[in-house]
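All chains, please: the whole structure from these sequences, using the hints.
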Amino acid sequence: MSVQTEGTDTAGATGVRKTEAPPPRETGRPVAKRRAGASAPYLLLLPALLATLILLGWPLVKNGMLSFQNLNPRQLILHLTEWNGIDNYKEVLGSPDFWKVVKRTVLFTAANVVLIMVIGTLVGLLLARLGKKMRLLLLFGLVLAWAMPVLAATTVFQWLFAQRFGVVNAVLDSLGWHSMADHNWLGTQMSTFSVVTLLIVWQSIPFVAINLYAATTTIPKELYEAASLDGAGAWKSFSSVTFPFLKPFLLATTFLEVIWVFKAFPQIFAMNEGGPDRLTETLPIYAFIEGFGNQHFGMGSAIAFLTMLVLLFLTAYYLRLVLKQEEDEL
Amino acid sequence: MKRSIFGRFWPNATAVVLFIGFVFPVYWMFATAFKPTGDIISDNPVWFPTDVTFGHFKKAIAADHFWTLVRNSLTVTILSVLLSLVIALFASFALARMRFKGRRGFLIVFMIAQMAPWEVMVIAIYMLVRDNDMLDSLIPLTVFYMMMVLPFTILTLRGYVAAVPKELEESAMVDGCTRPQAFVKVIFPLLAPGLMATSLFGFITAWNEFPLVLILNKSVESQTLPLWISQFRTAFGDDWGATMAASSLFAVPILILFVFLQRKAVSGLTAGAVKG
Chain A
27 MSVQTEGTDT
37 AGATGVRKTE
47 APPPRETGRP
57 VAKRRAGASA
67 PYLLLLPALL
77 ATLILLGWPL
87 VKNGMLSFQN
97 LNPRQLILHL
107 TEWNGIDNYK
117 EVLGSPDFWK
127 VVKRTVLFTA
137 ANVVLIMVIG
147 TLVGLLLARL
157 GKKMRLLLLF
167 GLVLAWAMPV
177 LAATTVFQWL
187 FAQRFGVVNA
197 VLDSLGWHSM
207 ADHNWLGTQM
217 STFSVVTLLI
227 VWQSIPFVAI
237 NLYAATTTIP
247 KELYEAASLD
257 GAGAWKSFSS
267 VTFPFLKPFL
277 LATTFLEVIW
287 VFKAFPQIFA
297 MNEGGPDRLT
307 ETLPIYAFIE
317 GFGNQHFGMG
327 SAIAFLTMLV
337 LLFLTAYYLR
347 LVLKQEEDEL
Chain B
327 MKRSIFGRFW
337 PNATAVVLFI
347 GFVFPVYWMF
357 ATAFKPTGDI
367 ISDNPVWFPT
377 DVTFGHFKKA
387 IAADHFWTLV
397 RNSLTVTILS
407 VLLSLVIALF
417 ASFALARMRF
427 KGRRGFLIVF
437 MIAQMAPWEV
447 MVIAIYMLVR
457 DNDMLDSLIP
467 LTVFYMMMVL
477 PFTILTLRGY
487 VAAVPKELEE
497 SAMVDGCTRP
507 QAFVKVIFPL
517 LAPGLMATSL
527 FGFITAWNEF
537 PLVLILNKSV
547 ESQTLPLWIS
557 QFRTAFGDDW
567 GATMAASSLF
577 AVPILILFVF
587 LQRKAVSGLT
597 AGAVKG
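Chains as they are written, first to last, in this note's numbering: chain A, 27 to 356; chain B, 327 to 602.
Calculated from the structure, these hints are not laboratory results.
Heads up, none of these hints are tricks.
27 Å max Cα-Cα, derived DSSO-like pairs, lysine-lysine:
| no. | chain 1 | residue 1 | chain 2 | residue 2 |
| --- | --- | --- | --- | --- |
| 1 | A | K126 | A | K116 |
| 2 | A | K289 | B | K544 |
| 3 | B | K427 | B | K492 |
| 4 | A | K88 | B | K544 |
| 5 | A | K116 | A | K129 |
| 6 | A | K350 | B | K427 |
| 7 | A | K273 | A | K247 |
| 8 | B | K544 | B | K385 |
| 9 | A | K289 | A | K126 |
Partial list, derived from the structure: chain A residues whose beta carbon lies under 8 Å from chain B:
| no. | residue |
| --- | --- |
| 10 | L92 |
| 11 | V193 |
| 12 | A296 |
As the structure is a prediction and not an experimental result, all values here were calculated from the model.
Heads up, the beta-carbon is just placed ideally off N, CA and C, and yes, glycines get one too.
Written as structure tokens, this is what we have:
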């Protein structure tokens, strides 16, 4: 996912935009050579385009087709194709369960993204304030959390919050909160979501914090000097220099996190399979469980399609922004 | 800037608390994996393992098909990342260096492809793979993982290619290189950090992938490590020592890669791309 952050490139890539500026000087080349070269970009792009059409386009089209079919275990085993028009969509959109899941997914995404962005930004600003040794220490911690493979992290959180012998319950108990000694964290909707949220936020903050810190290092010092000459205090120089400079970065990261949290699958599925009582199913899990768990493949495909629409709706603003920026760049 | 002792104290104290918070789950995974079972199932947590045991690791490794799963995971991950690197190199070179009709369209296609909701397309993919008699095979996994990391790889490498000064290439061509030769001899070596950064993120995505392998590969011989990890605990009846040992084995390759390549990877990220 691309973060188009004008001016926030770190040392490694500061030259990116500069080198794109001069127009190509190809006027001196022989005509024959230029004609042969005209198809070169398309040939170079062909493998990538073919892969995208076959491996991404085909499943998308197939998903669309399946969503208009009555496809249950019988049809699956006998390889029957039974079209049933918009019945699947009628059924999904008419079911209160679906709307509950949509609402839950949006709330879950919003809560996680707000936590990730607020804490991540604060940690990033803290990194910029720390001395070198403390910064390296904190960076090391962040990188470890970032690098943990999602399924290893999910398993560890299951263990941290285990009902019996889990370290979280033991600590809460020893702090005097004795009712928590045998607490079943995966027993209710809210506490399961709390554990999942903690897991996702813990793994996502490093990305925001480290990149935000990298971005702050590229803010020209003169801007702060000018601000302090104008008598700006700490808050004023943050709101008039730091924040405007980081705004494009923050915007892009927020939308990336929206996509990432919205699609979070293993964290929820491996934690408790959407339980208890299907109360922590978000849209991707709901599509999976209706489609595979209950073997309503056509229905599952319809839910999948609607899920993509919701995601598109949530990210439309960002997409428009990126597309506009690309237009300006070319 | 004015900084009193208090001005130093609070940031440092916060940093230490945060450090502990971020490291603790990783520490607890390793600590549990090395602790004797008696210390694991104890009402008072044993914070620092004094008796170190390798029993849990032995148990995890001795589990059925462990080495097959390691081999499957490595094969699928490495192949998919290499494939996407090759395809992305061609594409990113065209996008960064050439002007042609439809360039913007291609960029938009790859940008949108980056958002692909793989998690919800599993039913359609299952049908396609089943209709082609490819269930329980590593080939569909490899090609779909390749596609999952391809757009990211193209867009990131494009930034790296664009950052190589055009003059270097031109002077190589003046010296008699053809354009492809100039690319291989001059640009390719300069792309090394970019290739490392992008392959690191590709590696993580493919190494972690879960929903697809969960539905496509039902036979144990064809599965990968993420699936094994997710089912380990139930299979071993809440044996947390062995589960944490298994998770550690799964996490160590990525942790090592990441800690070593982190600096390059992060500057690569800000160069124009992100995470899977």
